Amino acid sequence: MNWKVLAVGLLLIVPLVWVLAKGFGHDPHAIPTVTVGSRASDFDLPTLEGERVRLADLVGRPVVLNFWATWCRPCVAEHRTLQAAAQQHAGEVVFLGVLYGDEPERARRWLAEVGSVYPTLVDPAQRAVVDYGVAGVPETFFLDRRGVIVHKVSGAISAGEIEGVLRSMP
Amino acid sequence: VTRLLWVLSLAAALAQAPAPLPTPEPSTPAALAEPPAGPPVADPAAAAARATALAEGLRCPVCQGLSAAASQAESAVAMRARAEELVTLGYSDEQILAFFVSRYGEWVLLEPPRAGRHWLIWAAPVALLCLGALVVAWRMTAARQVLAPEAAAAGDDPYERRVLDELDRS
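First to last, the protein sequences are chains A and B. In terms of my numbering, the first sequence has 502 at position 61, counting the first letter as 1, and numbering is strictly consecutive. In terms of my numbering, the second sequence has 32 at position 9, counting the first letter as 1, and numbering is strictly consecutive.
By construction, these hints were calculated from the structure, which means they are not laboratory data. Some hints could be false.
Each pair of labels, with its calculated beta carbon distance range [claimed, not checked]:
#1 A/S599 / B/A156: 54 to 64 Å
#2 B/G80 / A/R549: 31 to 41 Å
#3 B/D116 / A/A471: 20 to 30 Å
#4 A/K445 / B/A93: 19 to 29 Å
#5 B/R167 / A/G464: 17 to 27 Å
#6 A/E533 / B/P63: 35 to 45 Å
Just so you have them, the derived chain B footprint on chain A, three or more residues with Cβ under 8 Å [what the hints assert, rightly or not]:
#7 574-580
#8 599-608
Bear in mind the structure is a predicted one, so any value in this text is a computation, not a measurement. Backbone N, C-alpha and C fix where the C-beta goes; we use that ideal spot for every residue, glycine too.
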């Protein structure tokens, strides 16, 4: 056996296998979440009904911020879950929706049909979308009492996830 | 009724909010905490052109290998708008890129920065090319060394020498 060839072969193949193994170990479409652990960007946005909501005014309460759109199926699917959680934690946790790439009028009509116990904010410049590092919808951010993002869920959220995160909040 | 419910919910959350925590930290994204490096850009066309150039180096979060400049996805449009807004305010290209990295991670840069461990990515192809050239040179030298003794014994052309030897034998 030619040991030199074997050594050179291993030298080339082992790193390649390591790189491939590392690559297969994670979802290539997953977007890194870098805002978790940082202070949430402040916003001062109108609701679908015209009232203004400023995040800084909510400091002291946990906030659940859900980016959604009527054209997004997972958003529609998670709507009831979020509503139920908002009702369960009414007065303790502030739930807010943020409309993403959708017409306010369409969202108003849809919410009038299905109902909502918390307001949805309109962000015409979509500034909050970038400030929170939102890639697509639905994305749900959990802010603790200090206004720090402690968790983010991409995709439709479950009741268990909401409860788990809210319970873990100090 | 729905509107009343969430207004009450929001009011209850605000009313029951415990005493505000000590002075909240600034909620502006850290990358934008510093003042703009330059004066505001008054020319909208110049601002748009610079924002487009910046967006060409940013990854569209929901696309496959497309820049934020080349995509019409909601998040890409939002990124372009935010870039243009920051350009108009006078932020430098470096500040704006740092802002996007702080929101989406280094993943958002289509081209890895030429700094720190990223140098490995830039240097690896050149290093591999040099390694290949070294291997080829080494193999050629080794082949020459094998042929050299025969050439020394048989003159300049080993083939000619072998033919002459055969003729001598016959």
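Consistency of the hints with the structure:
no., hint, in the structure
1, A/S599 / B/A156: 54 to 64 Å, "holds, 56 Å"
2, B/G80 / A/R549: 31 to 41 Å, "holds, 38 Å"
3, B/D116 / A/A471: 20 to 30 Å, "holds, 28 Å"
4, A/K445 / B/A93: 19 to 29 Å, "violated, 48 Å"
5, B/R167 / A/G464: 17 to 27 Å, "violated, 41 Å"
6, A/E533 / B/P63: 35 to 45 Å, "holds, 43 Å"
7, 574-580, "holds (count 4)"
8, 599-608, "violated (count 0)"
The structure fails to meet hints 4, 5, 8 from the earlier list, while all remaining hints are met.
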